[in-house]
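Okay, here's what each chain looks like letter by letter:
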Amino acid sequence: MTREGKPDVGERAVFPQIDINIVADDGDDSQFCSTCAFSQVFMAEGVPKDGLRDMHVLVEHTEPLHPGEHVFREGDPFTAIAAVRAGTVKTYLVDRQGREQVLGFHLPGEIIGLNAIDGERYPCNAVALDTVTLCRFSFPKIALLATRLPRLQQHLFRLMSRDIGNASMFAGDCSADERVAAFLVTLSRRLAARGFSPLRFRLIMSRTDIANYLRQAPETVSRVLRRFERDRLIHISRREVEILDMAGLETLATSVLRI
Amino acid sequence: MAAYPAPSALLQLPRHDPPRPGCLCFRTRAGLTTRFQERELRQIATITNGDPIPRPLSLCIAFPQRPLLRTAADGGARGNAYLTRLYREIAMSAELFDRDRQVEQVHVLDYALRHLHADQLAEAMDVIGRHYSWAAPERTLRSVELEPASTRRADIPALVDAGFNRAVFNLDSDLDSDIPALAGLVEDLRQHGLRNIHVNLSGRLFEQPSAELDALLTQMLALRPDRLGLRRQARPPLPETGQQTGNEEAATGVQPDGFENLAQRVEAAGYVHIGLGCFTPPDNRLALADRQEELRCDLLGYTTRAESDIVGLGVGALSHIGSCLSQNPRDLPSWEDAIDHGRLPTWRGMQLDENELLRAELIQQLVCQGALDYTAIGRQYGIDFRQRFANALTRLETLAAQGLVELHPTRLHVTVRGRLALPALAACFDPHPAADGDVLRPHIARIP
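In order, the protein sequence lines correspond to chains A and B. Mapping of the first sequence onto our numbering: residues 12 to 270, in sequence order. Mapping of the second sequence onto our numbering: residues 386 to 833, in sequence order.
Honestly, the hints are just simulated from the structure, not real lab data. Keep in mind that this is a model prediction, so the values were computed, not measured. Take the hints with a grain of salt, since some may be wrong.
[Claimed, not checked] Here are the simulated distance ranges between beta carbons:
{"id": "1", "chain 1": "A", "residue 1": "Thr262", "chain 2": "B", "residue 2": "His798", "range": "38 to 44 angstroms"}
{"id": "2", "chain 1": "B", "residue 1": "Ala462", "chain 2": "A", "residue 2": "Gln108", "range": "45 to 51 angstroms"}
{"id": "3", "chain 1": "B", "residue 1": "Thr419", "chain 2": "A", "residue 2": "Gln108", "range": "37 to 43 angstroms"}
{"id": "4", "chain 1": "B", "residue 1": "Asp738", "chain 2": "A", "residue 2": "Ala204", "range": "29 to 35 angstroms"}
{"id": "5", "chain 1": "A", "residue 1": "Thr262", "chain 2": "B", "residue 2": "Gly767", "range": "28 to 34 angstroms"}
{"id": "6", "chain 1": "B", "residue 1": "Glu523", "chain 2": "A", "residue 2": "Asp106", "range": "50 to 56 angstroms"}
{"id": "7", "chain 1": "A", "residue 1": "Ser186", "chain 2": "B", "residue 2": "Asp504", "range": "45 to 51 angstroms"}
{"id": "8", "chain 1": "B", "residue 1": "Thr431", "chain 2": "A", "residue 2": "Gly130", "range": "50 to 56 angstroms"}
Note that the Cβ used here is the ideal one computed from N, Cα and C, for glycine as well.
If we strip away everything but chain A, and leave its shape as in the complex, we get:
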């Protein structure tokens, strides 16, 4: 059903609902929070967090951001990459005509700021869509650490590669149906990877943002979703999405996702 295997849907938390087993685990001096994008790597390397502190790698939990507050703005000096711990962050650009272009949505466990490494300034804006908490990692220090920990380096490369792939996902010449299906399938997979239910989740982003991200008109997105509902692929109530036919959606999404 997903790449993580058949999910136990009944017991998984529905994003962004907080499940004590997933998100409320803040970690402590010797434990990572379980949503941390790096925890698996560090655990595999046998470097617990207190060890990291000794090596002066900054893992800084920030104060919660409120909806509409920015994580960074285009042109800000790049010092750190950030992992989303809770909430959803939207990255976007504003063109010369003042039109917004949505680049992506970042869910718990995902990294923002990787595209700032080259140029040492953030090349886009990042804004909290709901209440967002972040872990910030000093980039120079984590890069230095990566020279000593091959698996960390590998992981960083993987994250960057994924970032590049995501950025070009909707660049192709795909139909609106294919785009919307791909959007739902990737969202579902990403949430599943963090322990959330892959079949039920709440869309935090507005349809304008979704449409902008998919390079479609908002009306088109709604029309496609309504059609998906009629075809019993999904069920939507307000912002709550339930995927009824994942295989059907995946089939539709094939030309965008290729897998």
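Model the placement of chain B on the given structure of chain A, informed by the hints.
For chain B alone, kept in the frame of chain A given last:
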């Protein structure tokens, strides 16, 4: 899942107007507050625009109870002044919503024909079309509240021309003299092709001796309305504070007699009871939807339509947008003042919290589907139903003993008798139960 806005909260929102069959009221945490203003209204409208499939819109157009805007003396000037401001409000409110959010329903309330001519109502429909997008005509409901006293037979062709396809008659006081007029209007409406006619009886009508009430019912049934509403009570008050509630009546069960008999009378005439005192012929869409479990209930009563956001326009009008309820000023000068200053005339409002939304959804299922499936609800909202609503289930046991509801291990089911006591059943799910130990002695024989 504690969902962002659950379906229409079953708050019954009374205004100054005669009661309509609507839904139940439960205690709310805070009540309507003047801290909720235009800014909050704009915010919730924007949020609902952001839904992946934004809901269609229903417009409710309200008029002042008094003063009458149409008097013999002023030649319609006051009615025109009201309309001018109403048009401004229509234009301002339309800007809140994305253009693809179509208007599927318009409800003209408060006996507009007391104030305006039928062709002025037609003009209002045109103005709506200029600022909002109408849904396709075959999907659009245009409802108008009428009363025999202010409706001339000559108005009827104009109303039908203006696209009105439902007429609602609310009768709440002595109208012996009006019965022939009502029958004439109903006949004319049907002749002109308006076939969706509702008749609601309420208030003082139920205080008369039972023989007279019986005779009245006979006359009403002879009109074969497409929906017949029987409501003893005027609507409960608005949720002012956590203390005030529409469930006082349900909680004390003071209504002594008669409703079960009345219901039997109406059913013997070939009607089915949908719930909350609403009866329809068995081939009516509501009755069909009821059997297919597609019934819904919103501020405007039972409906087969998809959920909509309700936008109230005019003096005292109520809106229900997303998870928020709000109301325009009830006095004409305040409403006029806001509009003259280019402001949306929001007087007060509130946002329902997730607990209230969940309970509203439960009450919705209770009064529409007549059943609650604990497993399905638990799964949908991420809760352990039996644990979360342990108190409600305890309270329901009393009603189960009276044969109003069947409690099964994983679901409950409202009995046929229980349909006559839906408010009492729903009151068990009141999110803010009365502090006095939840005395709940509902009586089945109660006009909902």
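Structure versus earlier hints, numbers of those that do not hold, lowest first = When the structure is compared with the hints, numbers 6, 8 turn out to be violated.
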